[in-house]
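Q: Top line first, the protein sequences correspond to chains R and L. Taking my numbering, the leading residue of the first sequence gets 196, the next gets one more, and so forth. Taking my numbering, the leading residue of the second sequence gets 196, the next gets one more, and so forth.
There's no promise every hint is true.
Copies of the same chain look alike in the list, so a pair counts if it works inside one copy or between any two.
When the alpha-carbon atoms are kept at most 30 Å apart in a straight line, the in silico DSS-like pairs for lysine-lysine are as follows [unchecked claim]: (1) K604 x K579; (2) K242 x K281; (3) K242 x K579; (4) K579 x K377.
Note that these hints are calculated values from the structure, not bench results.
There are 2 protein chains.
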Amino acid sequence: MSIAFFERHRATLEQAVQALQSRGYWSQFSESPSPRVYGETAADTGKAAYEARLNRPFELAQAASAGLAGSEASPYGFNLGITYPKPVIGQLLPAVSAAAASWRRAGPKAWAGVSLEIVARLNARSFEIAHAVMHTTGQAFMMAFQAGGPHAQDRALEAIGCAWQQMSLIPATADWEKPQGKHAPLQMRKSYRIVPRGIGLVIGCCTFPTWNSYPGLFANLATGNAVIVKPHPGAILPLAITVEVAREVLAEAGFAPDIVTLFAHDRDDAVARELALRPEIALIDFTGSSANGNWLERNALQAKVYTEKSGVNQIVIDSTDDLQGMARNIAFSLCLYSGQMCTTPQNIYIPKDGIRTPEGHASFEAVTAAITDAIARLTGDAAKAVEVLGAIQNDGVRQRIEAARTRGKVLLDSIALQHPQFAEACIRTPLVVQVDANSAVTEEFFGPVSFVIPVDDTTMAVTLAERIAQRHGALTLSGYSTDPQVKDALADAAANAGVALSLNLTGGVFVNQSAAFSDYHGTGANPAANAALADAAFVADRFRVVQTREPVSAPAAN
Amino acid sequence: MSIAFFERHRATLEQAVQALQSRGYWSQFSESPSPRVYGETAADTGKAAYEARLNRPFELAQAASAGLAGSEASPYGFNLGITYPKPVIGQLLPAVSAAAASWRRAGPKAWAGVSLEIVARLNARSFEIAHAVMHTTGQAFMMAFQAGGPHAQDRALEAIGCAWQQMSLIPATADWEKPQGKHAPLQMRKSYRIVPRGIGLVIGCCTFPTWNSYPGLFANLATGNAVIVKPHPGAILPLAITVEVAREVLAEAGFAPDIVTLFAHDRDDAVARELALRPEIALIDFTGSSANGNWLERNALQAKVYTEKSGVNQIVIDSTDDLQGMARNIAFSLCLYSGQMCTTPQNIYIPKDGIRTPEGHASFEAVTAAITDAIARLTGDAAKAVEVLGAIQNDGVRQRIEAARTRGKVLLDSIALQHPQFAEACIRTPLVVQVDANSAVTEEFFGPVSFVIPVDDTTMAVTLAERIAQRHGALTLSGYSTDPQVKDALADAAANAGVALSLNLTGGVFVNQSAAFSDYHGTGANPAANAALADAAFVADRFRVVQTREPVSAPAAN
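So here's chain R without its partners, still in its complex pose (with noise of 0.2 Å):
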């Protein structure tokens, strides 16, 4: 069966190779909710299915569990009253253990197929896994369905095929002939089976629980290892969806389900930390805050760790040939999800001259105003605003609006809306606070908050972005200019401190936006993450090669 999957989906693998070596646009999964591509029932059964999981347990018939865990609510103002299965560690990991003996043994094209049957599957719920989504992060419904669906199946596909492309270089067999002058040449027979590490814990956070997670739980899969998929506990739901559509089809394709397996914890539930330290967990993927990925790279010695965790994303703004195109951008990019990005811009830099436009010289003063009028336009209209805001996801970015007032001078304030529909959701809109170079924000401000910094020239804005992304991370980094020799001192600093770089961002690309087989999300050269999505380094080492080699004189070994 694993292989009819592989069958059945060699033809997407093949292309989403070629795409990860050409880097042009590719994407598997349509972000398009239309019902001409996901069918005329697709969003009404989505939204019931959802809807059906509200204030009950959800059934997940998984090996060690005792007791329930579970107290999610929608950031737009309820609870969802849905509890999970809470695993015993020390029960839980034998059994996943004992289910991955033949998931093991199954080999690249059993891992691949059963791979991209989940994914196809998961593409089939996006609408229920877009409710989750929105549900549990506040992410308004069009991002949620987007990031959370065809989004995410894209990064999981992008990694599936990262690990075929690096699998496929390894041959099964090889025939090993050394000549001997006059005597006759010594012969070998060898074979190198791929052997997966382990077990994986992939450990989710409660804005992108599916879009950052699937890239390591799908590696994993794909190069055969078994994953205990941890989410945050403020976003469960949607990867325990994922989670029973892994299990439904390792079950048909005659494996035990317990190789993939959700482990849902309570908030302050020290029990995460315990299960990344027990020698069974071989590889770890985390999102999430910088303290608890540096504290996971510090101790969780004995597995390889992948994290992405915070930094301070940057925008350089030197001149540009569309000065409206750019408030507009930059504006869209700070509202979008509240800035609840890992790829949101934080710190903007503005030389305190002002800039060059096609209109001429615009000041400081004007190219501020330009950015917060552009906010204030987009959230000017409450109803439109929400679709593009979605809700605050938790008390802590609410608080760090309160914080970053008294970091300087108010330029733009945050201000609360009412959701038409959602009376109790947290709506704030973006603040934007003018601060001085010298006291330029190291820290990250996640949420709406971004400050403007006036910069003495493009120069010093240049250094100072340099700086922060190299010592306190970065995802993204941000640059307006129409001069080539700044845009190369740009690139420069990029490749320095280890930032992808966009460059004027005037029209519908948005710098937090990072597509599948084309964007790395992230780089590994910086505080930020120490991995990226998706490449060799994040595959390559979820599998080994254990070779046997025998004189062919003899009979071969299987």
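Model the placement of chain L on the given structure of chain R, informed by the hints.
A: What follows is chain L alone, placed relative to chain R:
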């Protein structure tokens, strides 16, 4: 110039990548020290060059040195009398960082071209290096030539090929065009820059200073990193010559020679650990004891650490179709360089009721006698024996022979031989000791020491071998069986323990040998090593990719 180097060696590089993917026999550098290969005068010139090194300072015009280090003694019984510049860490690191700036930007072709030219020039110096290896490690001349010269150079080329293969999967640029339905597509021009990690530290060992150091050294250089080479205080000369050659090529190519530096230090000088923990050190390649390797893995958390440590290599004897061939093969493996190889077998499991052979049943005693007799024959003539045994590298090895004698019943004692040419050389034949399965040795006795262990049956032997390799590490596992089921069981045990398996070696291939481009050396899947030579995981995290993207409507950045 570096591009000229690249063009000069491009065909070799492409062959190397091809060889890596097919894993059949391939070697770029001839292992024959014949004048027909290396030239009529090469042997004499190389010896004279080595001799000219003795009893004087080794000139290396590298930055930031103060004072001298070096007190190497040949295991053949004399002091080399060579001193080396001793770097000051606090000055060396900034000097290397400064030198690395232009190297960092030079790009994959320059990195590969310079690396390949260095290896080609090392090949031309193989005789000089052979003498240097012989008189630091104690290897016999032929082994010092082959393993220290062409085989090490092949491993260097393998690492360069592996790095090139991975970097080649990443396009320099991409055109990204995302359809927008009825609207114009979004179009972006993207570029991907390969950025090295920084400075790599390569820590050599005293038995295979070049073979074990070249993979890390050249994997670093080929991915644009600077390299500090820290030899074992007992085997500096071969790596000093290597560094000299590297610096010469770098200078010719227009780069600062301090991109590759030597970090010579004296025994018991703790400065190596201080260096390993410096934040500038981004990569560490280590070969040596488990104590030091584990310390680096647990403490040098700022760096990617690749280690080869100690382990317990084993032989499982179930049955054979060539008892004498098996005995001769095992005897040679035990004698070669007096067991001072990380791949030498140590524990030999033989069923207590004997084994099947073509000549009928052979008792436990008959099998052990066949092995010990073969050793005695190989070592009977001292003049011939020393060409296989080489000399004992250090006193620790000699003391280990004494300690091993007390572990059980001595089946074949280790005796001192007189070297016909070097009266003061320390030469020892292999010791074979019988121990109970209950007290099967689980620590490494590096040197000419092996343990014969009677077992109830082959199942018991396979179980023991798997458990010991899994818990205590192993680089090799050897098995003898004519039974396909036993061979399968051995292959499964090897996969579970992450150790390379050799079956039924009775001829001219020995378990100690590991061929570049075909055999993975180490798996990274048991405690003997956390990496393999050389695979994708060994190279892919030595560089990162930093991308730049810009809408195509705007003029593209460089």
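Q: With identical chains, the pair K579 and K377 could be close in the same copy or across copies; at 30 Å between alpha carbons, which is it: within, between, both, or neither?
A: Between. Shortest inter-copy distance 23 Å satisfies the 30 Å Cα cut-off; intra-copy 84 Å does not.
Q: Can you give me the call for K242 and K579, within, between, both or neither, at a CA distance of at most 30 Å?
A: within (21 Å within a copy, 83 Å between copies)
Q: One pair to classify: K242 and K281, alpha carbons no more than 30 Å apart. Within, between, both, or neither?
A: within (26 Å within a copy, 71 Å between copies)
Q: Could you place K604 and K579 in one of the four classes (within, between, both, neither) given a Cα distance threshold of 30 Å?
A: within (28 Å within a copy, 86 Å between copies)
In terms of the numbered hints stated before, the structure departs from none.
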